[in-house]
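*Asks:* Input sequences plus hints: build the corresponding full structure.
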Amino acid sequence: MSKIVEGLKYSESHEWVKVEGDIAIIGVSDFAQKEMGEITYVDVPEVDDEFEAGEDFGALESVKASSELYCPVSGKVVEVNEELENAPEKVNEDAFAAWIIKIEMSDTSELDALLDAEAYRSLIGE
Amino acid sequence: MSEILSNEPLQQTCLHQKHIALGAKMSPFAGFDMPIQYGSIITEHLAVREKAGIFDVSHMGEIFVSGTEAEAFVNHIFTNEVRGMDKGKILYGMMCYPDGGVVDDLLVYKEFEDNHYLLVVNAANIAKDYAWIQEQIKGFDCRAVNASDEWGQVAVQGPEAEKYVCDILGDKAVADLSFYTFLDSEYRGKRLIVSRTGYTGEDGFELYTAPEGIVELWDKFLSAGVQPCGLGCRDTLRFEAGLPLYGDELSPEISPVMAGLGMFCKLDKDFIGREALLKQKTEGTAKKLVGIEIEDKAIPRAGYMVETEDEREVGIVTTGYHSISLDKSICFALVDSAYASLDTPLWIRIRKKTFPGKVVKKRFYQTNYKK
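Which chain is which? The protein sequence lines are A and B, in order. One point on numbering: in numbering that gives the first Met the number 0, the residue at position 65 of the first sequence is 64, and numbering is uninterrupted. One point on numbering: in numbering that gives the first Met the number 0, the residue at position 216 of the second sequence is 215, and numbering is uninterrupted.
I should point out that these hints are in silico values taken from the structure, not numbers from a laboratory. Any given hint could turn out to be false.
[What the hints assert, rightly or not] In the EDC-like style, the derived pairs of lysine to aspartate or glutamate whose C-alpha atoms are separated by at most 16 Å in a straight line are:
#1 B:Lys24 <-> A:Glu37
#2 A:Lys101 <-> A:Glu82
#3 A:Lys75 <-> A:Glu109
#4 B:Lys24 <-> A:Glu34
#5 B:Lys352 <-> A:Asp55
#6 A:Lys2 <-> A:Asp115
#7 B:Lys296 <-> A:Glu81
#8 B:Lys296 <-> A:Glu37
#9 B:Lys327 <-> A:Glu84
#10 A:Lys75 <-> A:Glu45
#11 B:Lys351 <-> A:Glu49
#12 B:Lys351 <-> A:Glu67
#13 B:Lys352 <-> A:Glu45
#14 A:Lys75 <-> A:Glu37
#15 B:Lys352 <-> A:Glu67
#16 B:Lys351 <-> A:Glu54
#17 A:Lys2 <-> A:Glu117
[Stated by the list, open to error] Chain A regions said to be covered by chain B (calculated; three or more residues, Cβ under 8 Å):
#18 29–40
#19 62–73
Treat the numbers as computed from the prediction; the structure is a model and nothing was measured. Idealized CB from N, CA, C, for every residue including glycine.
*Replies:* What follows is the structure in structure tokens.
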């Protein structure tokens with residue numbers, strides 16, 4: 000069973016979103032990190048990069064595969080988790096603690112299109 | 000890794016149940032349902048570099064050639080020089096098409112019985128190779144038998160492989176085998192071939208016997224503490240050691256000369272593809288296989304583009320990893336020959352960015368073979 004945190008929003012591409020005011024904190028789900036296996040590199044954007052909802056903003060890499068990360072909401076990057084550069088395994092250790100980027104949302108109504116914990120649980124079939 | 004997709008049901012090796020019981024992550028490879036990893040690819044990779052690991056390679060093909068003209072025939076289809084081989088010796092080389100493209104890369108074993116050879120070929124190519132051999136053998140006084148289904152095979156690799164193989168087989172003679180030689184033995188009443196070969200860049204052995212014997216040997220090596228290793232780390236290990244994988248670095252389009260494997264093609268003898276390869280060697284080829292190292296942790300993957308500083312495409316990545324043993328992002332790439340010399344600066348496009356790098360030697364990792 001994958002861990003799912005109540006109160007967060009989820010995308011169908013397995014990112015989670017924690018909302019703090021107009022800031023969206025974004026990471027990947029426990030299900031996603033398990034599917035990837037040992038993560039060896041997290042490709043992150045730079046502060047001030049802007050993304051549209053659904054646009055790819057980076058990638059997770061394991062030994063054998065890479066998997067793109069998709070931005071669940073539109074906005075501007077205000078912070079990236081620098082710690083992941085030298086410790087990508089933190090995503091495997093606790094996917095909900097290892098946030099990847101913080102986005103200043105340009106349209107908070109986009110959050111309504113995301114899944115809640117229950118809907119995400121049924122998406123991954125657990 | 001090249002996966003052969005088809006509607007054929009997947010084949011299983013004799014060790015399939017063992018893989019399932021160990022909870023291996025399974026995936027189709029070369030028409031077989033094969034273990035990619037049992038746990039961590041990194042752990043399995045490091046076990047082979049530092050201690051010992053065992054691989055199920057029962058999917059590989061065994062084709063036996065025998066008869067009065069076996070030597071002449073094998074020498075006709077094989078790029079390396081078979082004449083003058085001692086019994087018990089093994090040679091690496093290729094079978095080529097007349098245009099120099101590669102049918103397969105393989106090992107040729109000169110057996111202890113007169114006029115007998117064993118050809119060990121890639122799993123994905125068994126049917127194609129056997130058909131090719133049957134076509135070329137016409138007119139030679141010898142025959143070829145595809146015995147792939149009657150043989151299982153495990154590879155025991157790593158600096159401690161010798162100790163485990165000696166202990167488990169109870170045969171000290173295996174310690175005296177030098178690299179690329181083999182001996183004949185017996186296991187549970189069936190023929191056992193013990194060969195000092197491998198595909199990891201480390202010392203090690205490949206053991207061939209009947210499937211029942213392979214299953215028993217597998218259990219013994221695991222009980223002794225040898226790490227089971229999947230195809231995932233088989234690829235990272237062979238890649239670091241600069242060894243090609245058919246389908247990625249050798250193919251009907253990528254000749255041994257292009258791949259930098261000309262030393263395994265003896266152009267002073269006659270064989271299928273010789274004229275084409277000689278021409279390639281003399282006149283040069285449009286593309287060459289190189290190693291590239293980039294200055295970043297981003298990973299160049301197969302299919303990514305290789306570019307010049309002004310973003311002109313000059314090649315394509317064939318295999319790439321963030322090397323587990325070297326902690327560097329490196330790849331093999333097929334590039335325009337003008338960009339193939341050492342230290343040439345090249346860029347690799349990874350998603351939205353390009354990353355600077357340079358051409359380096361393909362043998363990224365210093366191999367540790369038994370002399």
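*Asks:* None of the hints should be skipped; say for each whether it holds.
*Replies:* Results for each hint:
1. A threshold of 16 Å between alpha carbons decides the hint, and for Lys24 (chain B) with Glu37 (chain A) the separation of about 13 Å falls inside it, so the pair holds.
2. The hinted pair formed by Lys101 (chain A) and Glu82 (chain A) meets the criterion: a straight-line CA distance of about 14 Å does not exceed 16 Å.
3. Between Lys75 (chain A) and Glu109 (chain A) the alpha-carbon distance is near 14 Å, which keeps this suggested pair within the 16 Å criterion.
4. As the CA atoms of Lys24 (chain B) and Glu34 (chain A) are separated by approximately 11 Å, the hinted pair is consistent with the 16 Å bound.
5. Our distance criterion of 16 Å between C-alpha atoms is met by Lys352 (chain B) and Asp55 (chain A), whose separation comes to about 13 Å.
6. For the given pair, Lys2 (chain A) sits about 14 Å from Asp115 (chain A) by alpha-carbon distance, which is consistent with the 16 Å threshold.
7. Between the alpha carbons of Lys296 (chain B) and Glu81 (chain A) the distance comes to roughly 14 Å, so the proposed pair stays at or under 16 Å and holds.
8. Taking the CA atoms of Lys296 (chain B) and Glu37 (chain A), the gap is about 15 Å. The hint holds against a cut of 16 Å.
9. In summary, the hint linking Lys327 (chain B) to Glu84 (chain A) is supported, as the alpha carbons are separated by about 14 Å, within the 16 Å threshold.
10. Only pairs whose Cα atoms come within 16 Å are accepted, and Lys75 (chain A) paired with Glu45 (chain A) is accepted, the gap being roughly 10 Å.
11. Note on Lys351 (chain B) and Glu49 (chain A): the hinted pairing holds, with a Cα-Cα distance of about 14 Å set against a maximum of 16 Å.
12. Of the supplied pair hints, the one linking Lys351 (chain B) and Glu67 (chain A) holds, its CA atoms being roughly 11 Å apart against a limit of 16 Å.
13. In summary, the hint linking Lys352 (chain B) to Glu45 (chain A) is supported, as the alpha carbons are separated by about 12 Å, within the 16 Å threshold.
14. Of the pairs offered as hints, the one joining Lys75 (chain A) and Glu37 (chain A) is violated, with about 29 Å between alpha carbons and a cut-off of 16 Å exceeded.
15. Distance hint between Lys352 (chain B) and Glu67 (chain A) is fulfilled; the C-alpha atoms sit about 14 Å from each other, no more than 16 Å.
16. The straight-line distance between the Cα atoms of Lys351 (chain B) and Glu54 (chain A) is roughly 12 Å, inside the 16 Å bound, and the hint therefore holds.
17. Under the criterion of a C-alpha separation no larger than 16 Å, the hint pairing Lys2 (chain A) with Glu117 (chain A) is consistent with the structure, at around 12 Å.
18. Under a criterion of three residues with beta carbons nearer than 8 Å to beta carbons of chain B, the stated coverage of the segment 29–40 of chain A is upheld, 4 such residues being counted.
19. Counting residues of the segment 62–73 of chain A whose beta carbon lies closer than 8 Å to any beta carbon of chain B gives 4, which meets the minimum of three for the stated coverage.
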